Amino acid sequence: MIINWAQVLFNSAITGSLYLIGAVGLTLTYGLSRFPNFAHAEFITLGAFIGYLAAEQLGLGLPLALIVAFLFTGMVGVLSYQGVFQPLAKGGATIIHLMVASIALSLILRYSIGALWGWKPFYFSTTWSSFEVGPLRITSLWLWLILAAVSLALIMHFVLVKTKIGKAIRATSSNPELSLASGIQINRVILITWFIGGGLAAIAGIFRAADTQLWPMTGWDIILPMFAVAILGGIGNFYGSIVAAYIIGLAENLGVIALVALGVSTEYRIAIAFLILIITLIVKPQGLAMLFRRA
Amino acid sequence: MDPLVYVLDLIVFIGIFGIVSLSLNLEFGFAGLANFGKVAFFLIGAYTYALLSQAGVPFYLCLIAGAVTTAIAGFLVSLPTLKLREDYLAIVVLTFGEILRLIIKSEHWIAGGIWGITISPAISVVGVSARVSTLINIGLVYLCLFICFMVVQSLANSPYGRVIRAIREDEVAAEALGKDRAKYRAQVFALGSAIAGVAGGLYAQYIQFIDPYMFMPMLTFTVWIMVLLGGPANNWGALLGAGLVELFDRGTNMAKDYLTLPIDPSNLQYIIFGVLIILVLFYRPQGLLKESRVKTKALELVRHGRNSVKNKRS
Amino acid sequence: MEETVLRISEVSKHFGGVYAVSGVSLDMKGRSIWGLVGPNGSGKTTLFNTVLGFHRPDGGAIYFNDNCISKLAPHQIYALGLVSAFQIPRPFQRLSVLDNMLVAARGHQGDRLLDSLFLRRSWQKREVELADKAMEILELLELDRLASSPAGELSGGQRKLLEIGKGLMASPTLLLLDEPAAGVNPNLGRRIFEKIKELHQNKGLSFFIIEHRLEILFDFAHWVYVMDKGKIVVQGKPEEIAKNPVFYQVYLGER
Chain W
437 MIINWAQVLF NSAITGSLYL IGAVGLTLTY GLSRFPNFAH AEFITLGAFI
487 GYLAAEQLGL GLPLALIVAF LFTGMVGVLS YQGVFQPLAK GGATIIHLMV
537 ASIALSLILR YSIGALWGWK PFYFSTTWSS FEVGPLRITS LWLWLILAAV
587 SLALIMHFVL VKTKIGKAIR ATSSNPELSL ASGIQINRVI LITWFIGGGL
637 AAIAGIFRAA DTQLWPMTGW DIILPMFAVA ILGGIGNFYG SIVAAYIIGL
687 AENLGVIALV ALGVSTEYRI AIAFLILIIT LIVKPQGLAM LFRRA
Chain F
4 MDPLVYVLDL IVFIGIFGIV SLSLNLEFGF AGLANFGKVA FFLIGAYTYA
54 LLSQAGVPFY LCLIAGAVTT AIAGFLVSLP TLKLREDYLA IVVLTFGEIL
104 RLIIKSEHWI AGGIWGITIS PAISVVGVSA RVSTLINIGL VYLCLFICFM
154 VVQSLANSPY GRVIRAIRED EVAAEALGKD RAKYRAQVFA LGSAIAGVAG
204 GLYAQYIQFI DPYMFMPMLT FTVWIMVLLG GPANNWGALL GAGLVELFDR
254 GTNMAKDYLT LPIDPSNLQY IIFGVLIILV LFYRPQGLLK ESRVKTKALE
304 LVRHGRNSVK NKRS
Chain U
202 MEETVLRISE VSKHFGGVYA VSGVSLDMKG RSIWGLVGPN GSGKTTLFNT
252 VLGFHRPDGG AIYFNDNCIS KLAPHQIYAL GLVSAFQIPR PFQRLSVLDN
302 MLVAARGHQG DRLLDSLFLR RSWQKREVEL ADKAMEILEL LELDRLASSP
352 AGELSGGQRK LLEIGKGLMA SPTLLLLDEP AAGVNPNLGR RIFEKIKELH
402 QNKGLSFFII EHRLEILFDF AHWVYVMDKG KIVVQGKPEE IAKNPVFYQV
452 YLGER
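In order, the protein sequence lines correspond to chains W, F and U. Quick note: the first sequence, position 210, residue 646 per the numbering used here, numbers continuous. Quick note: the second sequence, position 103, residue 106 per the numbering used here, numbers continuous. Quick note: the third sequence, position 231, residue 432 per the numbering used here, numbers continuous.
These are calculated hints, taken from the structure and not from any lab test. Warning: the hint list may mix true and false statements.
[What the hints assert, rightly or not] Coverage of chain F stretches by chain W, computed from C-beta distances (three or more under 8 Å per stretch; other residues unrestricted): (1) 88-96; (2) 195-209; (3) 221-233; (4) 244-254; (5) 282-295.
[What the hints assert, rightly or not] Example chain W residues on the side facing chain F (calculated, C-beta under 7 Å, incomplete): (6) W441; (7) A442; (8) I532; (9) A540; (10) A707; (11) I718; (12) Q722.
[What the hints assert, rightly or not] The calculated lysine-lysine pairs, modelled on DSS-like cross-linking and capped at a C-alpha distance of 27 Å, are: (13) K720/W with K186/F; (14) K396/U with K186/F; (15) K334/U with K300/F; (16) K326/U with K300/F; (17) K438/U with K396/U; (18) K438/U with K186/F; (19) K300/F with K186/F.
Because the structure is a prediction, the values reported are computed rather than measured. We treat Cβ as the ideally placed atom computed from N, Cα and C, and that holds for glycine.
Chain W on its own, in the form it takes in the complex (with noise of 0.2 Å):
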């Protein structure tokens, strides 16, 4: 069998670059209020759906549609949070109280879509243009996802260590009380974890279904890869998350290839991710975490 390792490597870098847009929000919601948010995948959906209103339907291009879909679905996760979880939580509410709380809200989500835009696939009608650069096959979109994923590392970065908000998200994160302590505004920093978080899922969920499809189920479709990627690069941690989305979409592809080396079904390559769940929590919850002392 030959291999186009080229294109195996390219194409983990168009996954992994998807998983981690997608797995920031998810990742620094996770750490700072410490219940996994299963509606993050509806999140993914919603932010999908907006920018293809927004480019499609109401014809405002896609860089516009980008833009317009991470306000809107960061605002929604600011209501999710202020409306839902925060009351919960401050009456007593349980891991998995908020949980099962975070489950429902994504059953609101995913079919109040499906009752607005109904249950059939739609596809994003911007042709990209495709090329070959020696053994590699390239579309234009999967250069911009990669492109903005590293725009997304670089910005995010700059934030986390240059900033005083950036600064207040990483003491937050790593030790509520002290930075409570030191006049920081915690409710500040969580609303705006939680708007950024929608805002990069809305992001994810425009390439994904750009790339593929659109429907209701987009954001639940890759939502375990996600929760892989935050788990793997340690809950919380934003550094780690980059390092584990890009083992993970390289696990992935190199998966592929062994299973039709191995004459199995392809299908089982989302398994992949799943099993490097699995395994991280079992083994070693922390995730890469140690790697990385800051958030």
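Place chains F and U on chain W using the hints.
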């Protein structure tokens, strides 16, 4: 559909899901185990029944075998997860369920893959109407429900039930008092899974056809609502929750046929469901029925005074 | 010749290179009330937790009634009759006070799955015996009126007493208490110790007690060990310790 059969059908489903609800109540309500992969064990029970029944094994053995295989699966899953925090356990078991579903979908040789597998009913009498065959199923299902209820209720009202509740409240303190929490966790998982496996088998033989798309995470979530709504750690509550949720499900399905609404009812149904769950979590998180007390002779002694029980012949 | 109850032999425990307990040896014989004192951070609680099986000793060995318990898990050590009550009480919140007590019983047949399902008659008898014993202890601790109340509703002082009550349910040979008089007013603290003394005199129970309220402890303990920086620096009868300059140095000295 004949309205009477419709009602009888609802009763069968309440029975089947009542059993699954009891199993989750044992695991989560009493023992504090966040089993978010309930559907995986329901699936194992269903497919075990289906495959054995196709091979000609009599139905009661299929049900028992289903319970045994599911118990083993539950035990095996519990081993690596014994010390996990509740949300981690939930995610692991959820993912396990998805892997299982993926395997069945992809490996067609196991049980027909996405094309599913047909099962003949446990007890079939030639030439009877739908009403009678549904009644027969009600008999079978509720007999199993009765047995399962007796088992979990006996456990709840026993020192064993007391120990698993203590482990739920504070694992470390329980361990310090001599309770091997790994052992208890594994046992509860195995038993809870076995009960869910029985329900799976009953389900398979009742609807007579199963495929991987019938065992989605949504089913796990529905059972969670049954337990949370009815009241965790209360077996009657688990049954109550099962009844109410199934009623809601059927009710909204029926409304679909009779009402015209601006929103497609199948979407609306889930939206309302989600809203209701959040309302329950806000206003009645402990559920409808309170946690049941451990009712043993010890309780009697406290209630009626020390000498009254000591002097009674036991 | 008095039997050795607890023998700790050159036991050490470190965390990441820092020695919390370093070469501690003690030999407790007969039935008595032993005290363990020392400034904060001297390793007292770590020593207790190592004896109880929550930490593995990094060096040395621990013997309880001639059984080597260094490698046993907490629940196994409990089964041998070496029992403790938590410093910060850990009641099972939603269980009744009575249930809290009953869970503490050792070796209850009904704790086993199959026995619980099928041998109902048999364990019900034991339930009654244990409930009776539990009520007796609760009466002694003046908690009997609260037997049916959820443990979560108890006050701080009541929780401390319940914690000791749970320890007593196991009919221990030796009961380890970590600061039983902490966090309650001195009168209640003294009453707790009086109960301890009663239990020792009437039931022959032995106690090994960490305590900071030295004025109370010294009135009740028969023998006191003083720890500092992970080692036992001096030991003896309370009256003698109270006159020992090393003891004062340890408490008033710089950490």
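Original post:
Holds or violated: are the alpha carbons of K334/U and K300/F at most 27 Å from each other?
Top reply: holds, 14 Å
Original post:
Does the alpha-carbon distance linking K396/U and K186/F stay inside the 27 Å limit?
Top reply: violated, 35 Å
Original post:
With a cut-off of 8 Å between beta carbons, are at least three residues of the region 282-295 of chain F near chain W?
Top reply: Contact hint for the region 282-295 of chain F vs chain W: holds, 3 residues under 8 Å.
**OP:** Would you settle whether the hint for W441/W is holds or violated, based on the nearest Cβ-Cβ distance to chain F being less than 7 Å?
**Re:** At about 26 Å, which exceeds the 7 Å cut-off, the nearest Cβ of chain F leaves the hint on W441/W violated.
**OP:** Please work out if K326/U and K300/F have their alpha carbons no farther apart than 27 Å.
**Re:** holds, 8 Å
Original post:
With a Cβ-Cβ cutoff of 8 Å, does the region 244-254 of chain F contain at least three residues near chain W?
Top reply: violated (count 0)
Subject >> Hint validity - I718/W Cβ closer than 7 Å to any chain F Cβ >> reply: OK, holds: I718/W within 7 Å of chain F, min 5 Å.
Original post:
Between K438/U and K396/U, does the CA-CA distance stay at or below 27 Å?
Top reply: holds, 21 Å
Original post:
Was the hint right that I532/W lines chain F, CB cutoff 7 Å?
Top reply: Interface hint status for I532/W: holds (5 Å vs cutoff 7 Å).
**OP:** Mind checking the alpha carbons of K438/U and K186/F for me, to see if they're no more than 27 Å apart?
**Re:** Violated: K438/U and K186/F sit about 44 Å apart, past 27 Å.
Original post:
Hint check: is the beta carbon of A707/W less than 7 Å from a beta carbon of chain F?
Top reply: holds, 6 Å
**OP:** Quickly compare the C-alpha distance for K720/W and K186/F to 27 Å and report which way the hint goes.
**Re:** holds, 22 Å
The structure fails hints 2, 4, 6, 7, 12, 14, 18 (numbered hints given earlier, in ascending order).
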